[in-house]
Amino acid sequence: MREPEESVYFRPNRQSPVAILLILLRLFRFLFRQFWPVFLVFIFRPKRATLYGMIWIGVVLALFSAVNSILSYFYSVFYISEGELILESGWLRRSRLSVPLDRIQTISFQQTFIHRLFNTVSVEIDTAGSKGSEFSLTAIEQTRAHELREFLLDQRIEPSPEAIEDPESFKEKVLLQLHIPDLLKIGVSQNHLRTAGILIAIALGFLDNLESAFGDTVYKEMEKTLGGYLETMWWLSLALVVTLVFLSFLGTLVLSVIRNYDLRFSQTAQGFHVIAGLFAKREQSANLKKIQFIRWSAHPIQRWLGMFSLQMYQAAGYAINKKKTIQVPGCYWPQLEVVQDVYFPKIRESEWEWHGPSPHFFSRRFLFRGLLPAIIVSGLALLTRDYHVIPLLILWIPAAFFWQRKVYRTFFIGLHPEGLQLQEGFFTRNTTHLLWKKIQGVSLKQSPYQQRHQIANLLLHTASGDITLPYLPLKKAKPIRDFVLFQVEK
Amino acid sequence: MIFENRQIPVNELPQVEDVDFHPLAPAALKVRYMANAILWGTFFLMCLTILPPVFSSWWWLWMLIILVLGSTLVFFFRWLIRKRFEVEGFALRQRDVIHKYGYLWRGQTVVPFSRVQHVEITQGPIAKRFGLGTIRIFTAGGSSSDLNISGIEMEEAHRIKSFIVQKAEKDA
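Chains as they are written, first to last, in this note's numbering: chain L, 1 to 490; chain W, 491 to 662.
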């Protein structure tokens, strides 16, 4: 069944028939998400006449969805022609998407539960360039997907000196494989506040939808009963908070274990490769040439566990406006060293020259992040005559002062003939490495305040976003800019 | 390959500071004034037609406030446009193009020719009457590093474009 012939991709190809099912499911999910309060109403308050109407509408919708997904399947084909990958799709409205092969940046596979059942994957192809567009195939057999990727990458990469150096002699090397203890560590060190926020948002959204679904009376009744309890029994609200904290902790733990289950981070001939996930396998590969800069961070819990989370920022077409970032959430120092050495081979061959921002960096940050919020809050307190926050404010100001001074004192900019190293952050420490050759342009910017004090922000533009060196004294910023330009242009 | 890393004395690096910036065409100031007048003019016309029915009893007071505020704003922006125009300029060096812009918030962006993806010349309806155009230089860095130099005479714009395109091909 497998055709090793490469030429198969020059003829129109169809996706796996599983795509029909997936398109159908996607449509159902969309419909359900839009109309679930309506469904609730009909479950709880069935009225015979409207129920029949709704059933009819439901049947028509289901029929339409089925026809739509079958037709979508038969009408969409992909093939390679004249150095371009082409996807034709749509039956009501035909569309033709073409991507030049040499513009392809990354090819990634995703596997949901259904994909797994049928041994298929969805393929996403990202491109660069001003008219870039995202290209995705809903479902394709796994073996074929791998063939396609290899074929596309083969077509794309012109023989460069580096490629000739190690022709296939380079075997994929697994750098990191996460086991259950690592996963638990990652889970514990995730951001639980975010989950709490999501939980609250879901709860509020649920109440909101309930209100529209059941009408005012039921909701008011509920609010009255619950509200009454909350007022009289404060411990109930405390219990709620504790439950929320516990739930969000458990939630992030479970989610991050599912997301990063069996994570394998490996080094390949072209760059790096990450595969992970319990139900939905996510697979990403990064071509070393496309990695713009690397960054790793560690907050206190991670530092205590000796872990880092690593990000590799890849070039992405800015028309898509979606940065392709590869994340490895639980790295240890040995893996970081490998990545550093691969991205920045000459890192140890020269001395680093260290600089820091001007003291104005501290005073401005303290003003905007410490004093100004305090002034606004105390103004509000005066207006509402609620003075409970005043002791908090008295604590807040020295804390902000201490915090911002720490941030200022731990901000370091390292210069090297080949690239830049940025160390920042007090609570979460971030380290960024950027090679000069990845820079697309350099800007020097000054606000009125900065003009008065002879300081400037230096912005280094890359194909994956900007890196800002803030509040440099002008006397330093200008030579650094000239040095960077010299390194980029030589 | 031997790693070569000779030291470069910092004061011998080519400095952006030494560059003489080329100003925009004088007519560009007129174009910007006109665009400003049209923008604010339509805005105030809209205000004048919408607001009186909304504030039916005190409409003349609101009208007065709008007129006073409006004319102050128009003149403030006129002044800002002139200041910005005086500062703005561009320069072509052997290996890069520099654009200087902004009065209150100032900036200078340098794009090496080797990073230029493509160059475009556009022309708005007002600029067309004055024979001016905008050079847009695109890089892979996205909108933050793309250059937009507006207010260059068309003939010159085409010359600059072909120069940059040539350089970009050679340097890349």
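Among these hints, one or two may not hold up.
[To be verified] Residues from chain L that face chain W, not an exhaustive set, calculated with beta carbons under 7 Å:
1) Ser81
2) Gly83
3) Glu84
4) Gln440
5) Val442
6) Leu444
7) His461
[Said to hold, decoys possible] Computed beta-carbon distance windows for the label pairs:
8) Ser561(W) - Glu353(L): 24 to 32 Å
9) Gln454(L) - Glu643(W): 44 to 52 Å
10) Glu643(W) - Asp466(L): 49 to 57 Å
Hints listed in this document are in silico derivations from the structure and should not be mistaken for laboratory results.
A quick note: this is a predicted structure, and the numbers were derived from the prediction, not measured.
Just so it is clear, CB atoms sit at the ideal spot from N, CA and C, and this is done for glycine as well.
Going through the hints against the structure:
Taking 7 Å as the C-beta contact cut-off toward chain W, the hint placing Ser81(L) at the interface is violated, the least distance being around 24 Å. Because the closest C-beta pair between Gly83(L) and chain W is about 18 Å apart, greater than 7 Å, the hint is violated. With its C-beta approaching chain W no nearer than about 18 Å, Glu84(L) sits outside the 7 Å limit, and its interface hint is violated. The restraint placing Gln440(L) at the interface with chain W holds, with a minimum CB-CB distance near 3 Å, inside the 7 Å limit.
Taking 7 Å as the C-beta contact cut-off toward chain W, the hint placing Val442(L) at the interface holds, the least distance being around 5 Å. Annotation: interface hint on Leu444(L) holds; nearest CB of chain W at approximately 5 Å, less than 7 Å. A hinted interface residue such as His461(L) counts as satisfied when its beta carbon comes closer than 7 Å to some beta carbon of chain W; here the least separation is about 3 Å, so the hint holds. Taking the beta carbon of each, Ser561(W) and Glu353(L) are about 54 Å apart, not inside 24 to 32 Å as hinted.
As the Cβ distance of Gln454(L) to Glu643(W) is approximately 36 Å, the hint placing it in 44 to 52 Å is violated. As the Cβ distance of Glu643(W) to Asp466(L) is approximately 32 Å, the hint placing it in 49 to 57 Å is violated.
Going down the numbered hints, you'll see the structure goes against 1, 2, 3, 8, 9, 10, while the others check out.
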